[in-house]
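Engineer: Chain order of the listed sequences is A and B.
Read in order, the letters of the first sequence are residues 1 to 178 in the UniProt record's numbering.
Read in order, the letters of the second sequence are residues 1 to 178 in the UniProt record's numbering.
Accuracy of the hints is not assured; some may be wrong.
As the list claims (entries may be wrong) - No farther apart than 20 Å at their CA atoms in a straight line, the calculated lysine to any residue pairs in the SDA-like style are these:
| no. | chain 1 | residue 1 | chain 2 | residue 2 |
| --- | --- | --- | --- | --- |
| 1 | B | Lys160 | B | Glu105 |
| 2 | A | Lys32 | B | Asn101 |
| 3 | B | Lys33 | A | Phe75 |
| 4 | B | Lys54 | A | Ile100 |
| 5 | B | Lys78 | A | Phe75 |
| 6 | B | Lys34 | A | Glu99 |
| 7 | B | Lys78 | A | Glu99 |
| 8 | A | Lys71 | B | Lys160 |
| 9 | A | Lys54 | B | Ile100 |
If you are wondering where the hints come from, they were derived from the structure by calculation, not from laboratory data.
2 protein chains.
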Amino acid sequence: MIIPEKQNIDLEENTILEVKSGILILEAKIIKKKFIVGIIKEECVINLAFSNFKNIKLIALTNCEINTIEKGVYFSSKDLLIKSLTRIDQLEKLLTIREINKSEEKLKEFLLYLSSIIGLKKDNHIYLNLKKYNFTQKLIGYSISTTRVTITRGLKNLEKKGWLKLEKKGILIPFKDN
Amino acid sequence: MIIPEKQNIDLEENTILEVKSGILILEAKIIKKKFIVGIIKEECVINLAFSNFKNIKLIALTNCEINTIEKGVYFSSKDLLIKSLTRIDQLEKLLTIREINKSEEKLKEFLLYLSSIIGLKKDNHIYLNLKKYNFTQKLIGYSISTTRVTITRGLKNLEKKGWLKLEKKGILIPFKDN
Chain A
1 MIIPEKQNID
11 LEENTILEVK
21 SGILILEAKI
31 IKKKFIVGII
41 KEECVINLAF
51 SNFKNIKLIA
61 LTNCEINTIE
71 KGVYFSSKDL
81 LIKSLTRIDQ
91 LEKLLTIREI
101 NKSEEKLKEF
111 LLYLSSIIGL
121 KKDNHIYLNL
131 KKYNFTQKLI
141 GYSISTTRVT
151 ITRGLKNLEK
161 KGWLKLEKKG
171 ILIPFKDN
Chain B
1 MIIPEKQNID
11 LEENTILEVK
21 SGILILEAKI
31 IKKKFIVGII
41 KEECVINLAF
51 SNFKNIKLIA
61 LTNCEINTIE
71 KGVYFSSKDL
81 LIKSLTRIDQ
91 LEKLLTIREI
101 NKSEEKLKEF
111 LLYLSSIIGL
121 KKDNHIYLNL
131 KKYNFTQKLI
141 GYSISTTRVT
151 ITRGLKNLEK
161 KGWLKLEKKG
171 ILIPFKDN
């Protein structure tokens, strides 16, 4: 199935899906509020069979191709099982971010998380091409439950401290300072 | 390896382990504070190979038997891979709990999470034998980053509202009211 850039689809609770290409956001309702519960890229398998989340929605940041996988196929394929383990890593990272109280520390941790998904390693830094993935400051704010204004201020502060460098299309994070 | 009740061991970051019997708490350091990042029982496989957590400690609530698993064995066994998927469920539940602001709602969600691990289904309720698993009110407090006093008050309030019933050794949660 193809999901065009910026489109979204609702997911059935028992779906198992593999992302073949592109980057998607997994949004869900917890109690009464919507949260980002994952950022998924190609080679990831998401098993919503035992999902604790309600109203799960996929939001395509770029054009995406996804496949749904039958339960039987999933549980008999070592490859698919291993691909779904990345979800553990991701949930651990999300949990870590949630536990941080200071908004600047939270933003740093989120940017490192984002680096692990869309970051491009270059020489002595990681480059986050936010524009390419339509990852707006508003969306960063949404990801860590804060406002765009707080993100804009936070990014400027982190630049002043030399932790990152703001560029036209994204963010440079030097290795040294992490 | 046997870990006696109430003892704890530190874990290497690359360990993969299977719990053969008993119940353990997985504690970790996030930034500078310690958190409970999992409650693990028999049949669970925990892969710390890509763990985002530091200073990981296992605290045995009951006498426990654990096995460490070689990386090669783990990645070639469908059974072990499937057993480690329960970690996804658990992390989702922990993330859900963290997103709840109201302390009473948080306590309810945590008790339901605990029910999914140590709960005993009986007639029209779930029974949590907290005493058997040395799951003190202090530990419940620690699990959701609050104090024992708040838990004691919260449990009494939930009993008044008929959501649960406090017993000598644990808690009864009627099915109807969930």
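Engineer: For each hint, tell me whether it holds in the structure or not.
Structural biologist: Each hint tested on the structure:
A distance of roughly 15 Å separates the Cα atoms of B/Lys160 and B/Glu105; the hinted pair therefore holds under the 20 Å criterion. With a C-alpha separation of about 11 Å, the suggested pairing of A/Lys32 with B/Asn101 holds against the 20 Å cut-off. Restraint check for B/Lys33 and A/Phe75: not satisfied, since their Cα atoms lie roughly 37 Å apart, outside the 20 Å limit. Our distance criterion of 20 Å between C-alpha atoms is met by B/Lys54 and A/Ile100, whose separation comes to about 14 Å.
Restraint check for B/Lys78 and A/Phe75: the C-alpha separation of about 8 Å stays at or below 20 Å, so the hint holds. The straight-line distance between the Cα atoms of B/Lys34 and A/Glu99 is roughly 10 Å, inside the 20 Å bound, and the hint therefore holds. Our distance criterion of 20 Å between C-alpha atoms is broken by B/Lys78 and A/Glu99, whose separation comes to about 33 Å. For a cut-off of 20 Å, the pair hint linking A/Lys71 to B/Lys160 is broken: about 43 Å separates their Cα positions.
Simply put, A/Lys54 and B/Ile100 have alpha-carbon atoms about 14 Å apart, close enough for the 20 Å limit, and the pair holds.
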